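One letter stands for each residue in the lines below.
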Amino acid sequence: MSLLSLLLWPLVALWLAITLLAQHRRFQPLINSLDGFHVIPRWTFFAPNPGVRDYHLVVRERRVDGSTTEWKSVPVYAPRPGWAWLWHPEKRSSKIMNDAIQSIKFLQKQGEVGATGLPFTMPYLLLLRYASHTVPPEPDSTGFQIAIIESTGHDDRKLECSFLSDFHSR
Amino acid sequence: MNTLNDKELGGLDAVIAARKMTPGLSDKYENIVIPINNNASIAHTGDNTGLKGGEGLSVDSLMKLRQDSFEHR
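Each protein sequence line maps, in turn, to chains A and B.
Counting from 1, one number per residue, gives the positions in the first sequence under this note's numbering.
Counting from 171, one number per residue, gives the positions in the second sequence under this note's numbering.
A hint or two may mislead.
[As the list claims (entries may be wrong)] Taking CB as the label site, the calculated pair distances span:
1) B:D183 x A:W87: 33 to 43 Å
2) A:T69 x B:S239: 48 to 58 Å
3) B:S239 x A:Q23: 49 to 59 Å
4) A:L14 x B:A184: 43 to 53 Å
5) B:E225 x A:D35: 34 to 44 Å
6) B:G216 x A:D155: 26 to 36 Å
7) A:L16 x B:S239: 50 to 60 Å
None of these hints come from the bench; they were simulated from the model.
As the structure is a computational prediction, the values presented were derived from the model and not from experiment.
All C-beta atoms in this analysis are idealised placements derived from N, C-alpha and C, irrespective of residue type, glycine included.
Using the sequences provided together with the hints, build the complete structure.
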């Protein structure tokens, strides 16, 4: 091993160790104060506010007698083919659906359209139409409703509902 | 976005009821949206073209009302 290697190996190892420590909030203030040249990256480097939630679109039907069916998942992601790393145009479809979900959340937060104005917005119509075409209706269905569910975690996922639509006929 | 399992789907009524009691609960977790140019899924202020209501109407009816509203602007 050359002298240069002997010098570089400990340096790189130290850099790696500090980088790992910098991912923890406890050590960030100290490391940030010493990292004047910003050479210690964080895992949020490419996405300062990374997505930590999964979004799920669900639908249920209202029957003639007024009762409702169980919620069903609306599949948004097609199975990922082996060559997806090279060619995966279907990803755009799921991206559009994801944007529509975010847009509805944005409109809700903004408040200018209001809950009663949402059914005429493009993201609402997009999600509604997609759900109605993807999940076939029950025989005695008089209408359907969609909801956006957010999940966090892996094994025991925590669920939250961020949007619930009105009932609509098909 | 993936699918929920049967157990999770079965417990959704409680999840939705909880949300009604605490509106806006998930806002603090908003993610970044990187829009595709001219993406129809992007929302704008006034995207409803001033229309309100719509409960019970079909998707086609909602779209027709929206289209008519745009044409009469």
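Results of checking the hints against the structure:
1. Our hint of 33 to 43 Å for D183 of chain B and W87 of chain A holds, since their Cβ atoms are close to 41 Å apart.
2. Range check, T69 of chain A to S239 of chain B: Cβ separation about 32 Å, and the 48 to 58 Å hint is violated.
3. Separation of S239 of chain B from Q23 of chain A is about 50 Å and conforms to the stated range, judged on CB atoms against 49 to 59 Å.
4. Remark: the range hint 43 to 53 Å for L14 of chain A to A184 of chain B is upheld by a beta-carbon distance near 50 Å.
5. In this structure, E225 of chain B and D35 of chain A break the distance hint of 34 to 44 Å, their C-beta atoms being roughly 55 Å apart.
6. Hint check: G216 of chain B to D155 of chain A, Cβ distance near 43 Å, so the stated range 26 to 36 Å is violated.
7. Checked against the hint of 50 to 60 Å, the C-beta distance between L16 of chain A and S239 of chain B comes to roughly 59 Å, which is consistent with it.
Checked against the numbered hints given earlier, this structure breaks hints 2, 5, 6; the rest are met.
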